[in-house]
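Protein sequence lines correspond, in order, to chains A and B. Per our numbering, the first sequence starts with residue 12, numbered consecutively. Per our numbering, the second sequence starts with residue 138, numbered consecutively.
Source of the hints: derived by calculation from the structure; they are not laboratory data. Keep in mind that the hints are not guaranteed to be accurate.
[Stated by the list, open to error] Across the chosen pairs, the derived CB separations fall in these ranges:
id, chain 1, residue 1, chain 2, residue 2, range
1, A, Asp237, B, Arg220, 35 to 43 Å
2, A, Arg229, B, Pro428, 15 to 23 Å
3, B, Asp334, A, Gly89, 15 to 23 Å
4, B, Ala298, A, Asp77, 45 to 53 Å
[To be verified] Calculated pairs, DSS-like style, for lysine-lysine (alpha carbon to alpha carbon, straight line, at most 30 Å):
id, chain 1, residue 1, chain 2, residue 2
5, B, Lys353, B, Lys384
6, B, Lys384, A, Lys61
7, A, Lys263, B, Lys396
[Claimed, not checked] For the chain B half of the interface with chain A, some residues (derived, Cβ under 7 Å), not all of them:
id, residue
8, Val216
9, Thr232
10, Asp237
11, Ser252
12, Val255
13, Ala268
14, Glu278
15, Val328
16, Ala332
17, Val335
18, Asp336
19, Arg348
20, Gly439
Here the structure is a predicted model, which is why all the values come from computation and not from measurement. Using N, Cα and C, we set each Cβ at its ideal position, and we do this for glycine too.
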Amino acid sequence: MRVVVALKQIPDLVEELELASGGTDVDREFLKFVLNEFDDQALEEALCLKESAGGEVTVVAFDEPDADRTLYTALAKGADRAVKLVGVGEGWLSGHRRAGLLASFLGNAAFDLVLTGVQAADDLDGQLPALLGARAGLPHVSVVVRVELDGPRAKVSQELGGGTVAEEEVQLPAVLGIQTARQAPRYVSISRYREIQQAGGIEEVEIQSSADEPDTYRLRRLFPPDTAGHAEMLTGTPAEVAERIAELIRSKGLVKS
Amino acid sequence: MSNDVLVLAEHQEGRLLETSFELLGKARELADAWGGKVVAVLLGAPDAAAELSAADSVVSCEHPSLAGYNPEAYERALVEILRERDPRLVLFSTTTAGLDLSGAVSVHLRAALVSYVVALSAEGDNALATARIYGGKLLAEVELSGPRSVGAVISGSFPAAFGRAGGTPEVARVDLGHVLGDLRITVTSVVAPEAGDVDITAAELLVSVGRGIGSKDNIELVEELADALGAPLAASRPVVDQGWLPKSRQVGKSGHTVKPKVYLMLGISGAPEHLEGMADAELVIACNTDPAAPVFDVADYGTTLDLFDIADELTRAVKA
Ligand SMILES: Cc1cc2nc3c(=O)[nH]c(=O)nc-3n(C[C@H](O)[C@H](O)[C@H](O)COP(=O)(O)OP(=O)(O)OC[C@H]3O[C@@H](n4cnc5c(N)ncnc54)[C@H](O)[C@@H]3O)c2cc1C
Ligand SMILES: Nc1ncnc2c1ncn2[C@@H]1O[C@H](COP(=O)(O)O)[C@@H](O)[C@H]1O
Chain A
12 MRVVVALKQI
22 PDLVEELELA
32 SGGTDVDREF
42 LKFVLNEFDD
52 QALEEALCLK
62 ESAGGEVTVV
72 AFDEPDADRT
82 LYTALAKGAD
92 RAVKLVGVGE
102 GWLSGHRRAG
112 LLASFLGNAA
122 FDLVLTGVQA
132 ADDLDGQLPA
142 LLGARAGLPH
152 VSVVVRVELD
162 GPRAKVSQEL
172 GGGTVAEEEV
182 QLPAVLGIQT
192 ARQAPRYVSI
202 SRYREIQQAG
212 GIEEVEIQSS
222 ADEPDTYRLR
232 RLFPPDTAGH
242 AEMLTGTPAE
252 VAERIAELIR
262 SKGLVKS
Chain B
138 MSNDVLVLAE
148 HQEGRLLETS
158 FELLGKAREL
168 ADAWGGKVVA
178 VLLGAPDAAA
188 ELSAADSVVS
198 CEHPSLAGYN
208 PEAYERALVE
218 ILRERDPRLV
228 LFSTTTAGLD
238 LSGAVSVHLR
248 AALVSYVVAL
258 SAEGDNALAT
268 ARIYGGKLLA
278 EVELSGPRSV
288 GAVISGSFPA
298 AFGRAGGTPE
308 VARVDLGHVL
318 GDLRITVTSV
328 VAPEAGDVDI
338 TAAELLVSVG
348 RGIGSKDNIE
358 LVEELADALG
368 APLAASRPVV
378 DQGWLPKSRQ
388 VGKSGHTVKP
398 KVYLMLGISG
408 APEHLEGMAD
418 AELVIACNTD
428 PAAPVFDVAD
438 YGTTLDLFDI
448 ADELTRAVKA
């Protein structure tokens with residue numbers, strides 16, 4: 012079973028997002044970038060599949076900030092190959108372009124299954140699983156919470172919302188958008204990471220941007236939500252704020268005393 | 138190109154989703170502005186057509202593979218209908234079907250796509266969309282001026298009432314059997330959620346905990362608070378995915394919808410998928426150390442103090 016996992020670096024949302032001049036992108040220079048959390052789930056599911064059914068896991072990322080760290084981490088966790096797609100240039104890459112470039116990478120790769128996160132925080136023009144599936148002409152299913160292999164098919168569990176789950180059989184090769192892996196993503200020790208990093212092993216692949224891009228939209232500006240509906244902030248010591256919260260709850264008749 | 142706006146009318150076993158009406162109302166507004174028609178597509182639930190009365194026409198298709206939601210069957214049927222109708226704008230919700238279909242349709246039709254839309258208006262001949270990105274920390278204003286566009290709308294963004302307005306749509310039944318053979322995806326079963334230990338949907342007061350809690354061991358701390366308040370503990374998805382609390386406690390798109398009188402949120406950022414499950418809470422109090430956390434845009438009261446201090450002191454305050 013040859014599984015490709017597409018990984019994306021996104022700004023760490025714990026940090027403040029500053030806008031770059033022009034106002035249509037975040038300021039990438041000072042931001043901390045991390046692996047999209049759902050891609051981490053996709054990687055975990057791929058590693059679990061390899062452990063239960065055998066095979067090879069290839070991780071692929073664009074040359075985005077801190078992509079090397081993510082790729083080495085994936086190798087340290089048990090991925091077999093790590094590929095960095097270079098030559099695309101800097102800045103935000105639209106979902107459609109990303110999907111087009113990945114589809115051309117897949118055109119030269121041997122694989123049975125592509126896993127990627129269900130969504131990412133900067134998916135302005137759509138989520139990768141469907142964009143890539145449609146681009147590559149492959150069946151695709153998103154919001155997947157479990158994958159099992161069954162010969163030429165994958166058995167997948169797709170969440171439909173409200174806790175309802177559809178069980179589906181998907182002919183391979185296919186693209187799956189992973190919401191949650193069967194277990195929490197594993198950790199790697201720093202010593203293991205260092206060992207892998209020192210060994211090198213990230214393959215760089217030059218990727219051609221196809222001119223054949225679908226129509227897109229014009230992003231006028233990014234801006235923070237207006238503060239009109241903002242919460243009234245409670246200030247003071249923890250004890251004072253807690254007392255205010257207790258009063259608020261009591262005011263709704265919900266706590267006695 | 139036409140000036141029509143087409144909406145996927147989603148249903149579960151024939152019952153139309155609320156979001157379908159939200160989209161229809163917005164479609165009506167835009168189609169009226171552009172001088173086009175509102176077209177609703179209904180796959181596999183012909184009896185629901187009459188309820189789509191805010192549409193000018195309903196395209197209804199029945200086929201064994203459309204009896205339930207099948208991503209591939211839906212995609213093929215939709216693409217076929219869209220090629221024929223060629224609407225100016227296609228609207229989905231960011232449901233599971235929306236996540237599967239909006240991107241695929243935009244690729245097949247070479248249409249622009251904007252996802253996580255929270256506002257949409259006509260601006261002359263164009264559409265202007267506002268979308269939520271970066272977990273709600275930023276909004277993006279996007280102009281859709283091409284001949285074909287697709288929008289995927291976060292549920293709850295538009296009032297459903299406009300989508301229930303009366304009228305008698307013309308219903309076109311189409312046979313798409315020719316594109317629905319040899320599917321590579323088959324749905325083998327649909328499993329409803331199991332009942333949990335507690336019913337968080339019935340609670341008047343909920344203490345809801347998010348990833349900010351940090352570890353399973355820390356759950357005890359908020360459990361103590363919940364006990365002191367006599368409230369069940371609810372959670373965001375990551376807490377459930379990590380196995381720190383059972384699935385029955387999850388609030389949000391893929392969990393429960395709750396309507397408590399007070400919803401106390403500890404260490405939850407306020408992602409749209411979470412907010413969808415608690416939008417109707419009466420009083421929302423949020424504790425989050427990040428002053429820019431989007432949760433403060435929906436909460437009535439907020440504090441940026443540490444949730445551990447707040448849980449501690451609040452337990453003390455209510456026990457006193
Ligand atoms: C199809 C789909 C369905 C989904 N369904 C759901 C769903 O049903 N329910 C759901 O909740 N999510 C759902 N999600 C996930 C959702 O997108 C978010 O990832 C999730 O809601 C984030 O949970 P969180 O706020 O607990 O975590 P985070 O976003 O990581 O936020 C944690 C917050 O805790 C704060 N914090 C950290 N430490 C402290 C401290 N000591 N004191 C106070 N604050 C602290 C941080 O500032 C941060 O804002 C779904 C996603 C998808 C794609
Ligand atoms: N007549 C209408 N038909 C459909 N949608 C409407 C109509 N009037 C307002 N809306 C939408 O309803 C939402 C709330 O509108 P308002 O109550 O005017 O703030 C906005 O997204 C409006 O675009």
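Hint numbers not upheld by this structure, sorted from lowest to highest | Hints 2, 3, 8, 12, 16, 17, 18 and 19 not satisfied by this model.
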